[in-house]
Amino acid sequence: MLSKSRILPATALLVTTISHTWAQTSIDPALAGFRLNRVANPSFDVGSIADVLATPQAFIQYLRLQPAHADFTRNTAFKATFTTALKAVENGRVDEQAGGAATLGGAASAAEKAGLTGLVTAALESGAMTQTLDQNVLTLRGNAEGLLRFLTGQEVLPMCETPEATDCDASPLNNLELTSSFDFSKTSTTESVTGQVPATGAQITALLTSSKRQFASASARYAIINTRDLRSKKYRDAWVKWFEANKAGLGAAGNELLIAINDIKKAVENTQAKDAGGNPLTITVTLPNGSTAIMPVMIYDDWLKGTKAALAGATRSEAALGMILKQRLDILEADIRQLTPDLDARLEVAANAYVRYFNITRQGFALGNMPMLTANVTYSQPTLQPKQIEGRFAFAWSPKSQGPANPGTLTLNGGLSFYTKPQPKDAKGGTARFRTADFAFQFDRPMQSNGATALTLGGYVQYQSAPSLILIPGVTTAPGGVPLPGNPTQLLAPKGTIAVAHAALTLQIPNSGIRVPIGISWSNRTELLTGNEIRGHIGFNFNSNQTLLQK
Amino acid sequence: MACQLAPDSTGTVDFITSAGAQITVVIRSGSATAKITAVILNGTPMTLAGGRAVFTVVAGRNNLDLALAGSDPMEDFEIHEDGGGPTKLLRKGNFLNGPTLGFRIHAF
Numbered sequence: 001m002l003s004k005s006r007i008l009p010a011t012a013l014l015v016t017t018i019s020h021t022w023a024q025t026s027i028d029p030a031l032a033g034f035r036l037n038r039v040a041n042p043s044f045d046v047g048s049i050a051d052v053l054a055t056p057q058a059f060i061q062y063l064r065l066q067p068a069h070a071d072f073t074r075n076t077a078f079k080a081t082f083t084t085a086l087k088a089v090e091n092g093r094v095d096e097q098a099g100g101a102a103t104l105g106g107a108a109s110a111a112e113k114a115g116l117t118g119l120v121t122a123a124l125e126s127g128a129m130t131q132t133l134d135q136n137v138l139t140l141r142g143n144a145e146g147l148l149r150f151l152t153g154q155e156v157l158p159m160c161e162t163p164e165a166t167d168c169d170a171s172p173l174n175n176l177e178l179t180s181s182f183d184f185s186k187t188s189t190t191e192s193v194t195g196q197v198p199a200t201g202a203q204i205t206a207l208l209t210s211s212k213r214q215f216a217s218a219s220a221r222y223a224i225i226n227t228r229d230l231r232s233k234k235y236r237d238a239w240v241k242w243f244e245a246n247k248a249g250l251g252a253a254g255n256e257l258l259i260a261i262n263d264i265k266k267a268v269e270n271t272q273a274k275d276a277g278g279n280p281l282t283i284t285v286t287l288p289n290g291s292t293a294i295m296p297v298m299i300y301d302d303w304l305k306g307t308k309a310a311l312a313g314a315t316r317s318e319a320a321l322g323m324i325l326k327q328r329l330d331i332l333e334a335d336i337r338q339l340t341p342d343l344d345a346r347l348e349v350a351a352n353a354y355v356r357y358f359n360i361t362r363q364g365f366a367l368g369n370m371p372m373l374t375a376n377v378t379y380s381q382p383t384l385q386p387k388q389i390e391g392r393f394a395f396a397w398s399p400k401s402q403g404p405a406n407p408g409t410l411t412l413n414g415g416l417s418f419y420t421k422p423q424p425k426d427a428k429g430g431t432a433r434f435r436t437a438d439f440a441f442q443f444d445r446p447m448q449s450n451g452a453t454a455l456t457l458g459g460y461v462q463y464q465s466a467p468s469l470i471l472i473p474g475v476t477t478a479p480g481g482v483p484l485p486g487n488p489t490q491l492l493a494p495k496g497t498i499a500v501a502h503a504a505l506t507l508q509i510p511n512s513g514i515r516v517p518i519g520i521s522w523s524n525r526t527e528l529l530t531g532n533e534i535r536g537h538i539g540f541n542f543n544s545n546q547t548l549l550q551k
Numbered sequence: 001m002a003c004q005l006a007p008d009s010t011g012t013v014d015f016i017t018s019a020g021a022q023i024t025v026v027i028r029s030g031s032a033t034a035k036i037t038a039v040i041l042n043g044t045p046m047t048l049a050g051g052r053a054v055f056t057v058v059a060g061r062n063n064l065d066l067a068l069a070g071s072d073p074m075e076d077f078e079i080h081e082d083g084g085g086p087t088k089l090l091r092k093g094n095f096l097n098g099p100t101l102g103f104r105i106h107a108f
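So the protein lines, in turn, are chains B and F. Just so we're aligned, residue 1 is where the first sequence starts under our numbering, counting upward by one. Just so we're aligned, residue 1 is where the second sequence starts under our numbering, counting upward by one.
One or more of the hints may lead you astray.
Here are the simulated DSSO-like cross-link-like pairs (lysine-lysine), alpha carbons at most 30 angstroms apart as the crow flies [to be verified]:
id, chain 1, residue 1, chain 2, residue 2
1, F, K92, B, K266
2, F, K88, B, K305
3, B, K421, F, K88
4, B, K495, B, K428
5, B, K233, F, K92
6, B, K233, F, K88
7, B, K266, F, K88
8, B, K495, B, K421
9, B, K495, F, K92
Selected chain B positions facing chain F (Cβ under 7 angstroms, derived; list incomplete) [what the hints assert, rightly or not]:
id, residue
10, A54
11, I225
12, F243
13, N255
14, N262
15, T286
16, P288
17, A293
18, I294
19, M295
Hints are computed from structural coordinates only; laboratory data are not their basis. Yeah, the Cβ is synthetic: ideal placement off N, Cα and C, and Gly gets one too.
The following block holds chain B by itself, in its conformation from the complex (with noise of 0.2 angstroms):
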């Protein structure tokens, strides 16, 4: 019996690189709600930053964790909530799949997710599962519909003003999603098997060697239920049927909100600026017909202008322009507690306002853990094996969240795989085309410390009903450089039923679209070797969805 333990050299380079980026975030955490890390996307207007009381979640929430307010006992229910919405959206759905099968030579989840890609989504991943032969495999995702509208020129996500307009619709290519793998590698990996060869009979070892950069599989996946695609047109009539019911509450709620809100910031709105002589501040603007007039400059009018000059010459990075930011807000929070003694106790009457409109909001949250059914058909051509075609289905459930953010999501997979041509099951010359029944579980979860990482437990089952079949080259030789006798011929590997677990972490770069999920997989035998497997697996993904779509 065989017990190895690897961990890829890559991993400790690419731990090394993200842990660096993480700590270069480090900012005062009162400015968390002003999402700064959005600095990394080269889009992003950081002027947009700058008008605080134009969306004012994040500067109400700054305000209550300044020094000043301290005495003021803080509504946590406030913090938590808001913290909340914003990690439900910093983690993303877990349901998606980035990379490729557990099958094949390099992978990162022991189960198929049931998500589809909204675009385009590339992995690389490495180590394999239940593969003899570790390999780097890149998977490329793309959705048929969301590739159709983005290379003919069309809005990826067409805007809709009415759940009744029919021009924003999903066609059924929406659940369509096309994945093609390669084997990526540089070099190739070898490993020594034993096995039967079906036509003699003879026991013999062979020295099996990966290939490079090759075809892997090429697959099709349609989500049959996908209630948790927002342009789905069940996911819109359920929101409407929900919203309805819910707009005198959430009509009642939002009127308390915007009057908690706007008795905060009214003052420096509506009181005109001075300049340095004291004279009232006015600016001649040029109207739509040409003429000229005089308007009033208000405070907040010439704070915001100062702002956005301040955050424009600033160095593009989260550090520089929090450092700016906070400045600015200072002297904001200054004219605004000038102008309203009593700013305390109207923040507070904000939190609470806040937190009874999220308390209506989040049940609406909720109709997007729904659960999710894919069906997946795929053609493989693994590594020294004969072509095989596999069909699975991916099933996705998520308990009920207290909050709007995802409480994580169980994967279910059931499969069979098939030869495409009928090969070898033993040495009396028999032949079959069916191959494995497999089954695999996995558990998602966005992990509550830190929105931007994810903890993922997964179990795999493979069931053979036949030995593996190895196709042995003509140039492979036996251990020992002795060339082995003859043209390319079969092997029949050691037949078992192949277990694995697997443990993964998966760490997101805040709004670039990668997530890199890192885990260990333990294994009682691989396709071709028994014996016990302890691999590390590594990944790099790409979802195109937040760089192309997210303003």
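Since the structure of chain B is provided, determine the placement of chain F on it from the hints.
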């Protein structure tokens, strides 16, 4: 009736318009589930008409605030003025930034 909000070229306020203009504001999103749930103008709640914020601006400063709701906390949305013909994009947003959105409008 054409759209009546014009961007302020000085960048002092978000939009300028004529006093007495009646403005209709709507929300759009990819899922069409984004909704305006409440609207106030200068601190006074206004009535929503079919999910649209309809209001008449007064001379001087008009502070418009919208409360929003949507099914996806990370969805982008767009606020448009609907003047009867082609709508005009006023602002793009994302629910990540909170459930409210404010506009500063000055009417002459």
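Here is how each hint holds up against the structure:
As the CA atoms of K92(F) and K266(B) are separated by approximately 23 angstroms, the hinted pair is consistent with the 30 angstroms bound. For a cut-off of 30 angstroms, the pair hint linking K88(F) to K305(B) stands: about 24 angstroms separates their Cα positions. At roughly 60 angstroms between alpha-carbon atoms, K421(B) and K88(F) are farther apart than 30 angstroms, so this suggested pair is violated. In summary, the hint linking K495(B) to K428(B) is supported, as the alpha carbons are separated by about 15 angstroms, within the 30 angstroms threshold.
A distance of roughly 24 angstroms separates the Cα atoms of K233(B) and K92(F); the hinted pair therefore holds under the 30 angstroms criterion. Proximity of K233(B) to K88(F) is assessed by CA-CA distance (about 27 angstroms); at most 30 angstroms being required, the pair is judged to hold. At most 30 angstroms may separate the alpha-carbon atoms for a hinted pair to count; K266(B) and K88(F) meet this at roughly 27 angstroms. Distance check on the hinted pair: K495(B) and K421(B) sit about 19 angstroms apart at the alpha-carbon level, within 30 angstroms; holds.
The straight-line distance between the Cα atoms of K495(B) and K92(F) is roughly 59 angstroms, outside the 30 angstroms bound, and the hint therefore fails. Given the 7 angstroms rule on beta carbons, the hint for A54(B) holds: about 5 angstroms separates it from the nearest Cβ of chain F. Among the interface hints, the one on I225(B) is violated; its C-beta lies about 17 angstroms from the nearest C-beta in chain F, farther than the 7 angstroms criterion. Of the supplied interface hints, the one on F243(B) holds, with its beta-carbon coming within about 6 angstroms of a beta-carbon of chain F, less than 7 angstroms.
Against a cut-off of 7 angstroms between C-beta atoms, the interface hint on N255(B) holds, since the closest Cβ of chain F lies about 5 angstroms away. Here the hint on N262(B) is kept, as its CB sits about 5 angstroms from the closest CB of chain F, short of 7 angstroms. Hint on T286(B) holds. Least Cβ distance to chain F is approximately 6 angstroms, under the 7 angstroms limit. Satisfaction of the interface hint for P288(B) is found here, the shortest Cβ-Cβ separation to chain F being roughly 5 angstroms, below the 7 angstroms cut-off.
A cut of 7 angstroms between beta carbons decides the hint on A293(B): the least distance to chain F is about 5 angstroms, and the hint holds. For I294(B), the interface hint is violated, since its Cβ never comes within 7 angstroms of a Cβ in chain F; the closest pair sits about 9 angstroms apart. Look at M295(B): its Cβ gets to within about 5 angstroms of chain F, closer than 7 angstroms, so that hint holds up.
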